[in-house]
Amino acid sequence: MNAPVTNAPAKPFDRPGHVGQPLSRPNAKRLLAGRGRYVTDITLPRMLHAVFVRSPYAHARIADVDIAAAQAMPGVRLVATGADLARLCTPWVGTLDHFKGMKSPPQLPLPLERAVWAGQAVVAVVADTRALAEDAAEMVAISFEELPPVTDLDMAQAEGAPRVSPELADNMCFRAGLDTGGVDDIFANAAHVVEGEFHFGRHTGVTLEPRAIIADYDPSEERLTVHHATQTPYQFQDLYARHYGIAESRVRVIAPDVGGSFGVKLHVYHEDMAVVGLSMMLGRPVKFVADRTEAFVSDIHARDHRVKARAAVAADGTILAMDVEDETAVGAFSTYPRTSAVEGNQVIRLIGAPYTLAGYRADLKVLFQNKVQTSQYRAVGHPIACAVTERLVDLAGQKAGLDPFAVRAKNMIADDAYPCASATGYKFEALSHQACLAKLHTLMDYDRLRSEQAEARARGIHRGIGIAAFVEITNPSPAFYGIGGARISAQDGAIIKITPSGEVRCLISVTEQGQGTETIMGQIVADYLGVSRDIVDRTSGGAQAQGQRARRRRGHPPGPARRAGSRERRNRRARHRAGAHQPFGGGAHRLFPLRYAARRHQCPALGGASLRTAGLSLRLHQRHSRLPCGGGCRDRAGEDPQAFRGGGLRPHHQSAAGGRTGARRRGAGARRGFLRRVPL
Amino acid sequence: MSAPVPLALTVNGVEVARAVAPRTTLADFLRLDLELTGTHTGCEMGACGACLVMMDGVPVHSCLVLAVQAEGAVIETVEGLSERGAIAELQQAFHQRNALQCGFCTPGVLVNAHALLEHGGVPTREDIRDALSGNYCRCTGYEAIVDAIETTARLRAGAEGQP
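Line by line, the protein sequences give chains A and B. Start counting the first sequence at 1; every next residue gets the next number (our numbering). Start counting the second sequence at 1001; every next residue gets the next number (our numbering).
Quick caveat, the hints were computed from the structure, so don't treat them as lab data. Since the model is a prediction, treat every value here as computed from it, not as a measurement. Ideal placement from N, C-alpha and C gives every residue a C-beta, glycine not left out. Incorrect hints may have been included.
Said to hold, decoys possible - Here are the simulated lysine to any residue pairs, SDA-like style, with alpha carbons at most 20 Å apart:
1) Lys29(A) / Ala1144(B)
2) Lys29(A) / Ala1073(B)
3) Lys29(A) / Val1058(B)
Unchecked claim - Derived DEER-like restraints, expressed as beta-carbon distance ranges:
4) Thr1124(B) / Asn189(A): 55 to 63 Å
5) Pro91(A) / Val1016(B): 47 to 55 Å
6) Asp218(A) / Ala1008(B): 36 to 44 Å
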């Protein structure tokens, strides 16, 4: 039995420790030595390679598929169509329950009748090597009959427009609105109205390691092991188990080193689902690695938005209200399981967030079109909301004759106004926009820059200075998607084991792509237990934790001891571990369920909602919360091309992060709320 | 597909003889045949720099070199440079400055930085950025990478390294 977890405040750390120290990442040494182990590096015995034949059309009926010639090619083990995989895999639908009225057609690994974007995988070829599979893929003959595609926002909404999904009434995936009331009156009486129309082109993540997966199905035990370059192994454990009808306890997903993710690697991709089915059909490991060209036409895209926005402004520069229409064009269906509607939803809720507004109204339309699916990518919706807001604020300042700093200082939520809510309903605990703005003014030496700008202008050089404020949503908790029925973070947690030799093993469900997750967990655990972090062995990637449990159930010793020690000690430890100890508790093995809630390492929040957790008897508690971080940044784009070249993606940039982040959540306790002592 | 052809070359100080398909890239040969997976393939079109290796003392994109073109060549990968200590200072500086995140671009960056520092002297930050212009770091850690390379150059030149 697990002791109940209390909500009593944690005691302050009682010894000097690691938290707060600028420590290096222990796992970085491995990567620096070329000893990283990414999915692309992994080769399993008898492993086969999958490639996909893709649609060259944005919208086409699949009239006929001829695979005979491909099947006869050297090294080919399987050529599979949509119908083959549909016999194994149940369809999925990318909607969330709390998005009322949202609709999306069912999806399968490979399509049965229609291809709905250029680049969609239609036929899978599995062969002994990637090269042989590519050779055979060229021999697959697919007869397509082209259908009219929907290619932009206007076409999607036009009278009599072709429908992306015949089974749906129209091309509207989701529509939502916000209205505080009284907005028309505010605009009618305002001294100034400023407005703009903003177009945002599609982005994609371009992780340096492309998407990669190895599915390894063992029919003798009906057990699926997936080596997956993903951010969310537990999510995929759930999805593979459910859609392929395998017991969840027999599905293991391992996320080893991941070469960049940025949100790209947490969505369901058709090829990934297909690879699981291909492995089940063959009873052998099957690997798929998207090449760069495939990544561009199959990784999620994001930020395809057209925003019309206006602001009502008083004569003194006070911004009174904003009125926003956001239209976003997603793919041919909504992405699973996070959907393609969250980005737009966050755009309309984050616009105006740093400022006090008396009125706010927004209309969001999420529309289908025949392009690659879109979903959450780096800072979901934030850049769009920030760009629109700050442009309106700049225009408001110009109308009122205020300097960009002055108009922001005038309209920002005051540092002493918290806790409060934004006009769009976000609850803010303790931000510090005014302090940020003042610090930024000093840091960038604004007055000097202004005078330099004027001098340069006199010489015919035009230099811009941009100021932007933003609120970042952090740590939305498992409830963010869980409330809509998606079991994404439902098994997030950490397990600590203290070994007989006095070492500590910390198994954490979340993954690391270089953000320092393992280092941070090591700091916290070491301090809380009062040990050196050198004896805390951290393993991320979720499925590893599961693997430990699985090995112990089978009575095998875990892998070789990683820490140096005498042979005898290692042997003793192995004997001990291999013994008859129950997985949870007993002997010297005590597992400490810990609450853990750090999606972003600075913003912990803990508390009271129980999770939808199947399979674990631990009662974890986590408080629903959104803890925004405030910040301000300025980008100075001027005559310094070097600043753009070496940095590649980031112009000369300086930022002042909002000092008071989620550490102050509802009184004492949450500050050090990562860990709580749990009675044994 | 053409029949395999014989290939002999030196990789990380070891003489290697294999039969390879003529279409095999040097990157695939190193990664798949020799299991030197420290060399990464990010784009396979010479844009990202993750596959850089030293070939006869010059950094090359191993994804753009056919294995058969390396006949008789001396190849060094990040594993070889690492094991003979040639990049120990760079690795130390990268670690201290946390000049990597996901680490996927890192071997290519180290190979390129090694080639740059082999010229001797202390390159300017501009020179370092220019040398790295063919290395993509999608986690965008360039500032720290330039710092680490500059620190190593100063250290080697006997000057005081900057943090």
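Consistency of the hints with the structure:
For the proposed pair Lys29(A) and Ala1144(B), the alpha carbon gap of about 16 Å is at most 20 Å, so the pair holds. At roughly 29 Å between alpha-carbon atoms, Lys29(A) and Ala1073(B) are farther apart than 20 Å, so this suggested pair is violated. Proposed proximity of Lys29(A) and Val1058(B) is contradicted: the alpha carbons are some 25 Å apart, above 20 Å. For the pair Thr1124(B) and Asn189(A), the supplied restraint of 55 to 63 Å holds, since their beta-carbon distance comes to about 59 Å.
Checked against the hint of 47 to 55 Å, the C-beta distance between Pro91(A) and Val1016(B) comes to roughly 49 Å, which is consistent with it. At about 40 Å, the beta-carbon gap between Asp218(A) and Ala1008(B) stays in the expected band of 36 to 44 Å.
Hint compliance for this structure: hints 2 and 3 are broken, all remaining hints hold.
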